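Protein chains: 2
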Amino acid sequence: MDLQKYMQAAIDIAGNHKTPFGAVIVKNGDILIRSANQTKQLNDATAHAEVCALREAGKLLGSARLTGCSLITTCEPCPMCMSAAIWAGIDEVVYGCSIAEISRFMFQIDLNSEQILKASGRNMALRGHFMAEECKTLLTDFS
Amino acid sequence: MDLQKYMQAAIDIAGNHKTPFGAVIVKNGDILIRSANQTKQLNDATAHAEVCALREAGKLLGSARLTGCSLITTCEPCPMCMSAAIWAGIDEVVYGCSIAEISRFMFQIDLNSEQILKASGRNMALRGHFMAEECKTLLTDFS
Numbered sequence: 002m003d004l005q006k007y008m009q010a011a012i013d014i015a016g017n018h019k020t021p022f023g024a025v026i027v028k029n030g031d032i033l034i035r036s037a038n039q040t041k042q043l044n045d046a047t048a049h050a051e052v053c054a055l056r057e058a059g060k061l062l063g064s065a066r067l068t069g070c071s072l073i074t075t076c077e078p079c080p081m082c083m084s085a086a087i088w089a090g091i092d093e094v095v096y097g098c099s100i101a102e103i104s105r106f107m108f109q110i111d112l113n114s115e116q117i118l119k120a121s122g123r124n125m126a127l128r129g130h131f132m133a134e135e136c137k138t139l140l141t142d143f144s
Numbered sequence: 002m003d004l005q006k007y008m009q010a011a012i013d014i015a016g017n018h019k020t021p022f023g024a025v026i027v028k029n030g031d032i033l034i035r036s037a038n039q040t041k042q043l044n045d046a047t048a049h050a051e052v053c054a055l056r057e058a059g060k061l062l063g064s065a066r067l068t069g070c071s072l073i074t075t076c077e078p079c080p081m082c083m084s085a086a087i088w089a090g091i092d093e094v095v096y097g098c099s100i101a102e103i104s105r106f107m108f109q110i111d112l113n114s115e116q117i118l119k120a121s122g123r124n125m126a127l128r129g130h131f132m133a134e135e136c137k138t139l140l141t142d143f144s
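These protein sequences, in sequence, are chains V and G. Reading the first sequence from the start, the letters are residues 2 to 144 in my numbering. Reading the second sequence from the start, the letters are residues 2 to 144 in my numbering.
The shape of chain V in the complex, shown without the other chains (with noise of 0.2 Å):
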C-alpha cells in the first residue's frame, strides 16, 4: 500500500471541503472512494467522512460487505464510524489524528477505534497517527 499517497488524498478531499475530516476507501492498491464530512450540507448528523465513505463503496461495488478494502481517514473514526467499519468488514483503518487530539478541538465520545475493535472481537488491521502532523492542521485551519 502507498499509503503516504492515500493519506494525502484523504487530507485533499478534506481540505477542498473546508473541513479537517477526509477520507478515503482503497482496494487493490486503488482509490475507489473520496468523501469529506458532510453533516451540516447533508441535513445528516451521520454524515462523517467515513459513513459517506462507506455507503458510497458500498454503492460502487454493489455489495454492503467491504471486504478487501482499506478506509484511510484524517481523524481516528469515531465509535458511530469505527462500528460502521467494523459492520461493512473493513480489512483495515489508518487514521492521522487520534480522538484524543480532536478533543482538543471539539466534542468527541470518549471511546477510541482500538476499545470498539476489541469489543467485536473482529480481526482488523488498525493503525493511528499516520501523517498525524499533515492531519493536524486541517484541525487547526478548519475547526
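A hint or two may mislead.
[What the hints assert, rightly or not] Chain V stretches covered by chain G per the calculated footprint, using a threshold of three residues with CB under 8 Å from any CB of chain G:
#, segment
1, 3-16
2, 19-31
3, 55-61
4, 84-91
5, 102-114
6, 120-131
[What the hints assert, rightly or not] No more than 30 Å apart at the CA atoms, straight line, and that leaves these computed lysine-lysine pairs for BS3-like:
#, chain 1, residue 1, chain 2, residue 2
7, V, Lys41, G, Lys28
8, G, Lys137, G, Lys6
9, G, Lys137, V, Lys41
10, V, Lys6, G, Lys60
11, G, Lys19, V, Lys60
12, V, Lys119, G, Lys28
13, G, Lys6, V, Lys119
14, G, Lys6, V, Lys60
15, G, Lys60, G, Lys41
[Said to hold, decoys possible] In silico contact screen, one side only, chain G against chain V (beta carbon under 7 Å); selected entries:
#, residue
16, Lys60
17, Gly63
18, Ser64
19, Pro80
Hint data in this document are derived by calculation from the structure and do not stem from the laboratory. These figures come from a predicted structure and were not determined experimentally. Think of the CB as a built atom: it goes at the ideal place given N, C-alpha and C, for glycine as much as any other residue.
Could you slot chain G onto chain V? The hints should help.
Quick look at chain G alone, frame taken from chain V:
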C-alpha cells in the same frame, strides 16, 4: 408520550420489511419517520433502522440536529446507531430487545447503549426492555 403506539409502529415497519429492526422518530407526539433495516437492499452496511431514521429525520427537519426528538427502536442501538443518536442530539432513546439478547441470534459489537452514552458525557433519556417480548418475536421470525 404514547410509547406503546410508537413502539408498535417500529415493530410494524420492521415486520413489513421482514427484519427484526424497525425504528421511528417522534417529535411533539407525532411520528415523523418510520424506518427498517435496509443494509442488503441498499448495499449499505450503515443502513441500520436507526441510522436510516436519523438521516431521514434530518432531511425532513432541515437540520442535522434533532433536538426535541425521540428515537424508538425494536432492538437496542448498536455502537454505530447509539453514537449517531448522540451526534444528532436526540433527547430520548427507547428500545425493546437488548444487545445481549440480540447476540443470541447474530453478531453484535459488545458495547451497550449505556456505555456509549456514558462515554459521551451527554444527557439523554435511555430506556430499554420496553415491549421486549413483542420485539423478540421479530428476532425469532426474521433473523
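Problem - Coverage of the segment 84-91 of chain V by chain G, judged on three or more residues with CB within 8 Å - result: holds (count 6)
Practice task
Take the segment 102-114 of chain V, compare each residue's beta carbon with every beta carbon of chain G, and decide whether three or more fall closer than 8 Å.
Solution key: holds (count 3)
Problem - Given hint G:Lys28 paired with V:Lys41 - CA-CA distance at most 30 Å - result: Roughly 21 Å between the alpha carbons, so the hint for V:Lys41 and G:Lys28 holds.
Handout entry: G:Ser64 as chain V interface residue, shortest Cβ-Cβ below 7 Å
Key = Constraint on G:Ser64 satisfied, holds at 5 Å.
Exercise for the section: Mind checking the alpha carbons of G:Lys6 and V:Lys119 for me, to see if they're no more than 30 Å apart? Expected result: 37 Å, violated
Handout entry: Assertion that chain G covers the segment 3-16 of chain V - criterion: three or more residues, beta-carbon distance below 8 Å
Key = violated (count 0)
Exercise for the section: Would you check chain G against the segment 19-31 of chain V, counting CB to CB pairs closer than 8 Å, and say if three or more residues qualify? Expected result: It is violated, with 0 qualifying residues against the three required.
Problem - Hint check, G:Pro80 versus chain V [nearest Cβ-Cβ separation less than 7 Å] - result: Given a least distance of 4 Å, the restraint on G:Pro80 holds.
Handout entry: 30 Å limit on alpha-carbon distance, applied to hinted pair V:Lys119 and G:Lys28
Key = 36 Å, violated
Practice task
State whether the coverage of the segment 120-131 of chain V by chain G holds or is violated, taking the criterion as 3 or more residues with Cβ-Cβ distances under 8 Å.
Solution key: holds (count 3)
Problem - Distance restraint between G:Lys137 and G:Lys6, which requires alpha-carbon spacing of 30 Å or less - result: 17 Å, holds
Exercise for the section: Check whether three or more residues of the segment 55-61 of chain V sit with their beta carbon closer than 8 Å to a beta carbon of chain G. Expected result: The restraint on the segment 55-61 of chain V holds, since 4 of its residues have a Cβ under 8 Å from chain G and three suffice.
Consistency with the previously given hints fails for numbers 1, 2, 9, 10, 12, 13, 14, ordered from lowest to highest.
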